[in-house]
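Starting from the known structure of chain A, fit chains B, C and D onto it as the hints suggest.
Chains as they are written, first to last, in this note's numbering: chain A, -1 to 325; chain B, -1 to 325; chain C, -1 to 325; chain D, -1 to 325.
Don't read these hints as lab results, they were simulated from the structure.
One thing to keep in mind: the hints can contain errors.
[Stated by the list, open to error] Derived lysine-lysine pairs resembling BS3-like cross-links, with alpha carbons at most 30 Å apart:
| id | chain 1 | residue 1 | chain 2 | residue 2 |
| --- | --- | --- | --- | --- |
| 1 | C | LYS27 | C | LYS139 |
| 2 | B | LYS139 | C | LYS139 |
| 3 | A | LYS139 | A | LYS27 |
| 4 | D | LYS27 | A | LYS27 |
| 5 | D | LYS139 | D | LYS27 |
| 6 | B | LYS139 | B | LYS27 |
| 7 | B | LYS27 | C | LYS139 |
| 8 | D | LYS139 | A | LYS27 |
| 9 | B | LYS27 | C | LYS27 |
| 10 | D | LYS139 | A | LYS139 |
4 protein chains.
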Amino acid sequence: MNQFGRYFRVTIFGESHGEALGVIVDGIKAGMSLTLGDFEGDLARRRSGAPGTTPRHESDLPQIVSGVFEGHTTGAPVAILFRNENTRSSDYAKLIDHPRPSHADWVAAQRFEQYNDPRGGGHFSGRVTLGLVAAGVIAKKQSSSISISSEIIELGGSRNTTDFEQIISNAVRDGDSVGGVIECRADGVPIGLGEPFFDSVESIVSHLMFSIPGVKGVEFGSGFAGARLRGSENNDPIIDARGTTATNNSGGINGGLTNGNQIVVRIAVKPTASIERTQQTFNFANRRIEPLTIGGRHDACIALRAAVVAEAALAIALTDLLQHTQK
Amino acid sequence: MNQFGRYFRVTIFGESHGEALGVIVDGIKAGMSLTLGDFEGDLARRRSGAPGTTPRHESDLPQIVSGVFEGHTTGAPVAILFRNENTRSSDYAKLIDHPRPSHADWVAAQRFEQYNDPRGGGHFSGRVTLGLVAAGVIAKKQSSSISISSEIIELGGSRNTTDFEQIISNAVRDGDSVGGVIECRADGVPIGLGEPFFDSVESIVSHLMFSIPGVKGVEFGSGFAGARLRGSENNDPIIDARGTTATNNSGGINGGLTNGNQIVVRIAVKPTASIERTQQTFNFANRRIEPLTIGGRHDACIALRAAVVAEAALAIALTDLLQHTQK
Amino acid sequence: MNQFGRYFRVTIFGESHGEALGVIVDGIKAGMSLTLGDFEGDLARRRSGAPGTTPRHESDLPQIVSGVFEGHTTGAPVAILFRNENTRSSDYAKLIDHPRPSHADWVAAQRFEQYNDPRGGGHFSGRVTLGLVAAGVIAKKQSSSISISSEIIELGGSRNTTDFEQIISNAVRDGDSVGGVIECRADGVPIGLGEPFFDSVESIVSHLMFSIPGVKGVEFGSGFAGARLRGSENNDPIIDARGTTATNNSGGINGGLTNGNQIVVRIAVKPTASIERTQQTFNFANRRIEPLTIGGRHDACIALRAAVVAEAALAIALTDLLQHTQK
Amino acid sequence: MNQFGRYFRVTIFGESHGEALGVIVDGIKAGMSLTLGDFEGDLARRRSGAPGTTPRHESDLPQIVSGVFEGHTTGAPVAILFRNENTRSSDYAKLIDHPRPSHADWVAAQRFEQYNDPRGGGHFSGRVTLGLVAAGVIAKKQSSSISISSEIIELGGSRNTTDFEQIISNAVRDGDSVGGVIECRADGVPIGLGEPFFDSVESIVSHLMFSIPGVKGVEFGSGFAGARLRGSENNDPIIDARGTTATNNSGGINGGLTNGNQIVVRIAVKPTASIERTQQTFNFANRRIEPLTIGGRHDACIALRAAVVAEAALAIALTDLLQHTQK
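Only chain A is shown next, with the shape it has when bound in the complex (with noise of 0.2 Å):
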């Protein structure tokens, strides 16, 4: 189902070349102040125009359709409408018999038996996750409390920022893509959120993580580094009463609950599967292999921009658990 959250609950709709696509949120509390300016910051983070992301521009304008009465929630489910308006359908014609490699062309026409959206993925298209970074900003404002921000660390293999401008004009000439790795952070989140087990805040976290397109690993604090350490290396030692420690390798959660320190997740994002350079792949009219050039428009590094969607993901996450974690 197109929807996360128990109490905070985040419901998307939409297609990357249909009329609009938006989100619901619902469980917000009244009385929080909600304008559209609230949402131009994490919105432009979002949107395209650096090198490596797509020549396809949209304004996208949030429109808020209910939930918000003279500036203020009301408590009841707000609706936020995008508009889509930089349309090029026709790139998309020739994929429903050439799927693209990694894409999700061809397990969609398989699934939806043809039905689905061809158009720029439809609703497979990372465009969807506009609504998720709106749905982002009001659970940012929501559990004010907490501070998230994020971090583009690896790119294309390289862990120097300074190499970052380079490693992507590369990608471009060459007609490929690079993944990269985010890191995510968050500050001033209450000690015991969460459940052992099934509801681990690293559970919660990573089923939001892992719905972002292209995501194909998650980590939380030493992560996989910490599985080559020793016990005596990665514990992190207790030095006061809060519950302070002196090192995190735990990422700010032990026994699946945050323990007041420093939240720290990391995702592996791929690289961009849409590339201009040749690639070979099956052609289900005539059952040949076949070279297939992919025109459209796309980025040449789709970590540049999940960026801010990951810290949605995150702020989605923690302001859910905020309220389910039984009192």
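Frame of chain A; chains B, C and D shown alone:
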């Protein structure tokens, strides 16, 4: 909530040193043969005994309390109980004042206001995964078309399996612990399971994997390594009408849906937090930093016993997806 | 949460006098034809106009925003929007100090701390059932093997349909309102839908029926009258191998599961709380009991327009049950 | 699924003649005292013995398996087990071919393809409500500010309590059964619980009430009788700043939310389907209509024992609402 699954629903309960622990599994089809013998194999794999596992030995005999009549499932919930036998609670007396670093002790005390059962971690204990393994056995039977396997591919930082035994014995010798990486694979998974976005296969599987104590990272296909590749290297070319791909960097999942190829998921298991080696922690009673030497009985490497738990998690997740994928 | 359904999931949003209201329906099978024409019939039945219905006239034209491509459902969520046009908010100014008896005004103000949209009841308005009717249309199409009908069997205390017109006009004349009882029937329902206990068909259907504003009672089969019979009178003898019963006092449901006979459910709809006739209420501003005469525009009998809403509720509930009944 | 509740979650399991049945309750606050003695009162009220109740006597001693440490809840799930002792399965042998009219026998056989446990109705048995009563005890303790009571207000068609004893003994004498109406009341309920639409208090409470075997009708406040009144008669005037109303035809609920007044809900309990008196049914073996005389042991009036179950249902529903009402 101590529960996972929308259609194939698993509910766990119990504590490490309580009277019993167990699991309720709902959504089981009627008429499936189910006997105690079905559980033996996987429970044996989870049981301690091998070098590096806890000296606490439990027979772990399951007791089927409901949902089975004359050797077949009835369609009603199956309740399975495991009695705790070999408990030595005295070991844990001092942990209330001396929270074990990187353990749930401290957060549990905060969250449950000192009422958490402190014996062996109470409900936070890895022992509660017994119920998960039992549910996994049922999931594997119900989804018999899917075959699931697992392998420890990294231990204490080494990917050379011939080193594993030595790495473990060194850790035990040093009163320390090591972590590892487990890879799970699922073959025979139908095409099109999952949903784009919030119920992506990665979301559902990771949700459950991260509920296994000690898991701090989850990746699919090429995962974090894939984020270092270019699109032209990471993409999986489709080579036939069945959607078979030349490579499987996607780990069998595109756009959140299964693509018919093998599902590959890896989990990072941290080194056991409980180590005999002396650590520093905060004594909440006298408010001093004090050395802590953990008695009790524990594993030098939980990854050894977690492999079958991870298989269970994957089996449960896929069984639930098999049922809640819209037709 | 403003949502119903596990597999066939309906999410509503909007306010009586907001910009728009609507519904998101998820879990729709791909490839079902869906056009605006499909909605006309049921929306017309819900629309006002007949004697006893509000003089507020809305065209209620649905706008399909997503989930449909070239006239067929894609398998992605269908979002439907209705613009509010004929709003006269001024009518509602004084209701903040003068809560209407038996209305949501007072509790909404308490719950949402004065932030609830007071115009026409805001999100509490019966107008929000527009989305429910639209979702019902989709449910009826998806569960086309089931045929659903409804009838007003009691109005203002009379079961004689020939009296209904007079009863309504008298109520209007007196500036008063009347209630009624609606009976819904479903034919062609497969055997075995539902679950014993918490997801009994009665549980699921009543859950949705009681979400229709004004419904204060729900009964199945012989219902309250059956409680006055003896077992020998109320039991339904099985007369053939298909399980057909001589009588249908069970309303098509035994042990919480459908038995293959017609499902019969009746709902009690209270008389409209909004009446022109002067009532006493408490003025929160001056803390006096004061007479209240409600202007605005309302129905003298909401049962008239609720019948199609009840059909929608039954269709949605059965469609969800069709999908979440374990196979 | 055999489960109710979002925050205060109740999961039941077991069969009438299986080894044991029970309940898991999750979402219990930590530190609440809980002992076996807490269950005695309500379990005794549910137990048989009075005229008109089954001669099958069970001690119904609860066993607390988990979630309680040193007499207090730990915050982990509480599992409670009841062993079945006094089982006489032989009674039910012939019911496979001879489904009891208005019983689950026939639909259960269809749904679960003959694998349903036929002994005493298996999981469909009213005996499974034992777990519901136990969960109700915990709910009442957790929501101690709310006081819940119940009363049988109608039996065999009479509202004169002095007739009840005679009505029962006549039914027993005739080998027949009678139904009844139970009224439950809750005092001390905070204002504003519930949600407009799908999680209205009526929706949540009726969902649970209709999961009690034999319940075929639910009404709140004036209910079906209110549908015969005019708005001017049915409306509840607000008489003070606390929202107190002069009458309570709304049953304490407006717009789906609690209004602070007493919650009043009535349920119609059908006459026991199992009667000794000879009935006609279909013999699936020889495909003939045959007379059926039901042996076994049953209640002449399940309403007698259902009152405490209905109280439990109301307590569970309100406890869940107390936790999942958005703050």
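For each hint, the structure was consulted:
1. Proximity of LYS27(C) to LYS139(C) is assessed by CA-CA distance (about 10 Å); at most 30 Å being required, the pair is judged to hold.
2. The suggested pairing of LYS139(B) with LYS139(C) is violated, with an alpha-carbon distance near 36 Å, which exceeds 30 Å.
3. For the hint linking LYS139(A) to LYS27(A), the alpha-carbon distance of about 10 Å falls within 30 Å, and the restraint holds.
4. Between the alpha carbons of LYS27(D) and LYS27(A) the distance comes to roughly 23 Å, so the proposed pair stays at or under 30 Å and holds.
5. Between LYS139(D) and LYS27(D) the CA atoms are separated by roughly 10 Å; this keeps the pair inside 30 Å, and the hint holds.
6. Proposed proximity of LYS139(B) and LYS27(B) is supported: the alpha carbons are some 10 Å apart, at most 30 Å.
7. Our distance criterion of 30 Å between C-alpha atoms is met by LYS27(B) and LYS139(C), whose separation comes to about 28 Å.
8. For the hint pairing LYS139(D) with LYS27(A), the CA-to-CA distance comes to about 28 Å; that is within 30 Å, so the pair holds.
9. Restraint check: the Cα-Cα separation between LYS27(B) and LYS27(C) comes to about 23 Å, which is no more than 30 Å; the hinted pair holds.
10. A C-alpha spacing of about 36 Å is found between LYS139(D) and LYS139(A), which places the hinted pair above 30 Å, so the restraint is violated.
Of the hints listed earlier, those the structure fails to meet are numbers 2 and 10, in rising order.
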